[in-house]
Amino acid sequence: MRDLAEKWSVPPDWRNATIEVPGLKIGAVAGLHQRLVSGDLAAWAEASGFDGPAVGAFGLAEGMRYSVRLARDLLLAVSTTPFGMATGWFSEGFAVTEISAGLQVFEVEGPALDAFIARGTTLDPAGPPSASATLSFAGIGAIVYRRQRSLRIHVDRGLAAYLWTWMETVAANIATGSRN
Amino acid sequence: MQLFPCPFCGPRDETEFHYGGDAGNARPDGAEVPIESWTNYLYLRSNPKGTAREIWVHMSCGEFFVMERDTVTHKVLSSTALGGEHAA
Amino acid sequence: MSAARLATGGSAIDRSRPIRFSFDGASVDGFAGDTIASALLANDIAVVGRSFKYHRPRGIWGAGVEEPNALVDIGGPQASPNTRATTEPARDGLVAKSVNAMPNALSDRNAFLDRFARFIPAAFYYKTFMWPDWHMFEPRIRAMAGLGKVDTDWTSPGTADQVNHHCDVLVVGAGPAGLATARMAAGAGLSVTLVDDQREPGGSLGHRAGEIDGKPVAMWIEETVAVLTAGGHLILPSTTAFGIYDHDLVGLNQRHFDGRRDTLWRVRPRHIVLATGAIERPLPFANNDLPGVLSADAALAYLRRHAVLVGRRVVVATNNDSAYEVAAALAEAGADVTLVDIRRDGIPETPAKVRLVKGRALAAAMGRLRVEGVTLDDGTRLDADCVLVSGGWTPTIHLFGQAKGKLAWSGARAAFLPGDPVDGISVAGAAAGSVSLSEVFADARTAVAPLGPTTAALPRSTGPEATGGIVAAWPVPGSKGRIWIDYQNDVTVKDVELAARENFVSVEHLKRYTTLGMATDQGKTSNLPGLALMAGITGRTVPEVGTTTYRPPFTPVPLASFAGARVGELMAPVRRLPLESVHRESGAIFQEYGGWLRPAHYGGRGADTDRAIQDEALRARRSVALFDGSTLGKIEVIGPKAAAFVDFLYYNTMSTLKPGRCRYGFMLSENGVVFDDGVLVRLDEHRFVVSCSSSHVAAVHARLEEWRQDRFGRDAVYIHNATSDMATLTVSGPNARKLLETIDLGRSLDDADLPHMAIGHGSYGGDAVRIARVSFTGDRSYEISIPADRAEPLWAHLRQAGQAFDAVVIGLEALMILRAEKGFIVIGKDTDGTTLPHDLGSEGPRTKRQTEYVGRRSLFTEEASRGDRLQLVGLTVPSGEAPLPTGAHGIKRESGRLHSQGFVTSSYRSPTLGRPIALALIERGAARHGETIEVQHLGKVRTATIAAPCAFDPAGDRLHA
Amino acid sequence: MTRRYSALSLFKEGLAGQTGWKQAWRSPEPKPTYDAIIIGGGGHGLATAYYLAKNHGITRVAVLEKGWIGGGNTGRNTTVVRSNYYYPESVELYGLAHRLYEGLSKDLNYNVMLSQRGMVNLCHSTAEMEIGARTVNAMQLNGIDAELFSSEDVRRVAPIYNFSPDARFPVFGGIWQGRAGTARHDAVAWGYARAASRLGVDIIQNCEITDFIVEGGRCRGVQTTRGAIRAERIGMAVAGHSSVLATKAGFRLPINSYALQACVSEPVKPILDTVVLSPGCGVYVSQSDKGEIVIGGGLDRVPSYAQRGNLPKLETVIAGLLEMFPIFGQLKLMRQWAGIVDVVPDSSPIIGPSPLPNLFLNCGWGTGGFKAIPSGGTLLANLLATGKHNDISRPFDLDRFASGRLIDEAAGSGIAH
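Protein chains in written order, with the UniProt record's numbering: chain A, 1 to 180; chain B, 1 to 88; chain C, 1 to 961; chain D, 1 to 417.
In case anyone wonders, no lab produced these hints; they're calculated from the structure.
Yeah, the Cβ is synthetic: ideal placement off N, Cα and C, and Gly gets one too.
You can take every hint at face value.
Cut-off 20 Å, straight-line C-alpha distance, at most; resulting in silico cross-link-like pairs (EDC-like, lysine to aspartate or glutamate):
no.: 1; chain 1: D; residue 1: LYS31; chain 2: D; residue 2: GLU208
no.: 2; chain 1: C; residue 1: LYS641; chain 2: C; residue 2: GLU705
no.: 3; chain 1: D; residue 1: LYS269; chain 2: C; residue 2: ASP153
no.: 4; chain 1: C; residue 1: LYS641; chain 2: B; residue 2: ASP29
no.: 5; chain 1: C; residue 1: LYS97; chain 2: C; residue 2: ASP151
no.: 6; chain 1: A; residue 1: LYS7; chain 2: C; residue 2: GLU585
no.: 7; chain 1: B; residue 1: LYS75; chain 2: C; residue 2: ASP248
no.: 8; chain 1: C; residue 1: LYS127; chain 2: D; residue 2: ASP289
no.: 9; chain 1: D; residue 1: LYS66; chain 2: C; residue 2: GLU544
no.: 10; chain 1: C; residue 1: LYS480; chain 2: D; residue 2: GLU13
no.: 11; chain 1: C; residue 1: LYS848; chain 2: B; residue 2: ASP29
no.: 12; chain 1: C; residue 1: LYS406; chain 2: B; residue 2: ASP70
no.: 13; chain 1: D; residue 1: LYS54; chain 2: D; residue 2: ASP35
no.: 14; chain 1: B; residue 1: LYS75; chain 2: C; residue 2: ASP420
no.: 15; chain 1: C; residue 1: LYS127; chain 2: D; residue 2: GLU102
no.: 16; chain 1: C; residue 1: LYS892; chain 2: C; residue 2: GLU931
no.: 17; chain 1: C; residue 1: LYS848; chain 2: B; residue 2: GLU32
no.: 18; chain 1: C; residue 1: LYS149; chain 2: D; residue 2: ASP289
no.: 19; chain 1: B; residue 1: LYS49; chain 2: D; residue 2: GLU208
no.: 20; chain 1: C; residue 1: LYS658; chain 2: C; residue 2: GLU685
no.: 21; chain 1: C; residue 1: LYS127; chain 2: D; residue 2: ASP107
no.: 22; chain 1: A; residue 1: LYS7; chain 2: C; residue 2: GLU569
no.: 23; chain 1: D; residue 1: LYS106; chain 2: C; residue 2: ASP133
no.: 24; chain 1: C; residue 1: LYS940; chain 2: D; residue 2: GLU147
Listed next, with one range per pair, are the computed distances between beta-carbon atoms:
no.: 25; chain 1: C; residue 1: PHE119; chain 2: D; residue 2: LYS106; range: 19 to 25 Å
no.: 26; chain 1: C; residue 1: GLY359; chain 2: D; residue 2: GLY67; range: 38 to 44 Å
no.: 27; chain 1: C; residue 1: VAL941; chain 2: D; residue 2: GLY217; range: 53 to 59 Å
no.: 28; chain 1: C; residue 1: GLY713; chain 2: A; residue 2: GLY127; range: 31 to 37 Å
Please take these sequences and the hints and turn them into a complete structure.
Now the structure itself:
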């Protein structure tokens, strides 16, 4: 029986992994605190101080702590500092679960960003806003929004290596296409 | 490639959705329900050629909703969140 | 010499860049800008291929995508069988070979088949080869099949790029209609994407005369392209719109000529303009398939674009006005031209230096390997080395048809035109039946009108205008000689007559019976003449006969374009463990299990595999084992009605579970079948964690979400899938607690504080950890869950501390042995899609539970209550025998035949017990412990004795040892 | 009399310009009454008519076809014939069809080009090999010519498969059935039509059912676009549209209609001799006698009656194909189409009386109807002639959904659903 470790590429060390081609720079974002929050989102906002609007697909997230809308009653709270709140059920009507280690975050930037997006999803980034930032990207479910001039992608930790290989392939395609 | 309107997210690619059966197919509860009712619930389908009312789930955001569409022309007629909530 | 390159001219070729390629082994010279076809013509290579069935010699017919004859196999890294020579750029060093010809197109050893043509008409194979048996004949017939050859040594030069694209207006075709439409749409402030399958824009303007806004057409094209480019609009040359799919998604295939694979574009425009032009039809006359019979328009294209004069003594046959410009141009270029028009009246002025024969049609072309002359229908014989025909124009409305647009028959145009408008799609130019540039530009205005006012002026045709003036000249029944309708598939008038005679009169029957229109050109030149002939034979009108369905792709599209990057690793992703790198360093051998890449065992390759696994299992029982169980599902159910919710979702009552405790249970499908099993953890009053099987996480999550929204209400309970947030490290074995007590986990591990089936909270290195005392091995076990990105130090610590206890790291294979010794099942392995909970010995909830749960009613059907259901058992084998093969069936002998009475689901050698063990699903098995049955595998029969599923520590003492 | 088909008659006709052939089937005007009506002029309907006449001597039979015969799934499928099933009930059903196929060309005097070049269902892991063994053992017990192939065996029958160690879905082995293969789909429909017509059956094309005539609680005939046609025994075999007719007849079926896509490459010289199915890649593939690579995959995701191909599914299927056969990366897609299939929860057909007396069902074949045409016809003919099941059709009655006795081949492969 073949050892499949030989077949599947070794997942990179996210601490220093980068993809760089003309027009595109891709890296992993470390150290973000992330939580899933469901239920009465207004009550959550009041209790937590996450009071900005929750961004949808390709929305622009701003600040040190922000919310990304995943579903009608579900959001992802993202912060560069610890939350300082418990998880579980809150009598105010919301539920909180830790997910910091569960979602790997990548950041993509550069003049070829539009070309990169066009290869990842059929959703039109210039189209009408779409309320949830979860969408099918590179053939898998992902959370996709903008942060400053780059694109942030959160993906299930188990699929991060797949997305990385996909991004390497696509970045190479974009680079070859623009060279010709 | 069809575009289905998720009541929450708006139009998304058909690959983000999963079909969930006939709308209005109420589940009869209990170990004693007549087997005909249970069989109807579990297996029998309207499967209309033309306008259909169906349950769909938008797998990206997890929304279950009712969609009316034409099974021949693939024209989407409406989509409504379960519980009567509509997208803002 | 008949065809030749002229000394000057040729708008498409660059005489400063000569190229050389090979065709059928011969060297062919050309210039950059040549197609393979134009270069072959320039070298007077008349026979370029052989037809599919009769192996008739065939020459180039057209100059575009409609080409039925000139197919070549291209070799090398860009290998592509059946490539149209008329659209393939000639490139230096390219190797092309004719298809379906052995050894080459000129002298094909199967050419003799044509002499037997009368015995092998359309569909002859249905009528013969039945005796003695089709199998006797098929291999030889099969060997004749196909056109080009697959290069078996070829390796892929990479994957195709795929791009999603959005725009306001997609214009298909960059001829006069497309260019005008694009420019006016751009002037309306819309984003425009303009695609064309040629390398240069212009369409028919590239070789037809005209003048726009007082300028030569070339200038107008250049200016229009410049306006579009400056406006940031996308122009894609060498790009074919091959299909319109649901909700107006348009598929494009873009060719590159730099070694890259083609690019697939998925375009979602707000509006589509089809400016796809029209394709010239052949005329019916005997031997109309001879090399040297060309489309008149193609001859003009070769002349003006490639400076190739296709013949010296040229007969131009026509039923419409468009061939007059061709005749004039060829005469001008030095050919001796006779124009034969079937019409007598209403015809254009005879061009200079052209002989006109009016009111006459061609009866036959003569010649063996190429045209040597023609006879007219009055018997007149004309010498010729080339016959150019124009049977009228078929608008290219494939995409309109694909979009379910209805077609309308136009007698005046002798063609189907787009009928009732289709939302979101306009058709303009020749595709809409327009002939003159003025009409074409009027179409462009109509096409963009619904899109809003435009600042761009409508172009004006200021030169001579083309006229139509067609008199239909369809093939007619009873014609003399062999008249080809479908060139590539060798369908003649007689074949269509035969189909009609045998009642294959429906247009779809005609197509399938004769194969008309089913060749690689998909009938672009043959469909309309074929159905017009069927109309003539059956006394119907052409629209009564109707057309066949238009299906994608418009022209063949490389399979690689559809696959895109989905090759190898990217074709179907596997999930990766947080500790994969650590396991790699530890020498783990990985396998794929349920969509995860996981260590199967550590060390031991090839022949040593089994020993390594046995060793891991044995040592796990002796002292303590470490196992990475991170794939186990961890779906949180939180909310005020969480307890009622899990009660409904599980077969077992779960609401009675106390906070801090766990319970094993089944989830059923509504048909009662066991869908998943696992441990439910109750963290507190309102919070549960569903530990589902690794491969079922997504499906279980979806089920929970569905019942939540559909039955319990959105605010009753919330579902969070946190599976990947934590790694789960399992410590199992008699010394499990001792090992863990050497590590500070921030809490007591005393059995009073953390009994079996309880969970406790602790910490490690500042991180909160959750410790669950559940066991899949039957030994005392602790599952420690820690944030996935912090698991590495704990794992290292466990391994280091484990050395004192002779701890062993085990992979999934050893775990499978350990759990099977205990009779613990794996869903989907020890169960199938018919297994009900009571088949697995779990009868309690079915008989006792009074509350509702998923799948409940299905447990009381006639089938669910049968006495002879397959039930989970253990199987033992006689001492000294090898393990039973998994998948072997228990058999019984009834009425002289063998029947299955169940099968082996799991089977291993147990190192601890020193004997094989097996789990099986056996008919009435639960009541048959001790009974010996026969077991068959691949024809061999053995015996086995039915036993309880649990073979090791049935009392469960080791959980507490 | 229709001329008998043979090499000799073809030769004689060749000398006479092929002008002496008669209609393959007659196209008569419908009569007001028949002994039996069969709705649906596909393979199953035409076969039913043929076997009614041949096996039961009932020749006053009309086959009513909405469009043109063989124009539904019979003319749209990927032509695989096999009987490698797990459960004894399925083996009886498909085994009967397979045996009838083996004699069909001679029986019908129409060459249906049954090409028994074998089929392999690949196994891509140890776990799949174990299921493969379970399946092969069950088939062997049920009398099917199944073998468990090793990876070397697979290499022998499909040498161009991707045997690279880096293949996404490496081959561990497979389930082989040597008698499996393909048949020419159109010829099956036309052969049955010709043979049935010769026995007196009226084949009425362009005749759409608009309603059922129900009197005294029983079905007594049908209203059609060509007038009322009455009979006391009515069978329906309208795969893909079964629910539409059921609705007209006043009942529902456990069926959803889905598009099943298929596509072919351009024709190339022979390169693939057998039928190969890869569950991992989600593709089955063969090469036709014309040289086209014939490609099929799973169902579309969206219930539909639109007979058109769709892009996402096509992309998935082609990606799977190229993973199986990387050298097909040279080829081009020539044609893409779709048929509408009846999808039943247990993926087995429904054969038997309908809730409306006198109306009998032959539906629910899912993606596998073509291979079952001879038995579907035989069994529906038996039901129409006798009003009763025989042992082979009994397990496939509609009543299995209430009793729970489903015949779920996917379940037999360990799939819980």
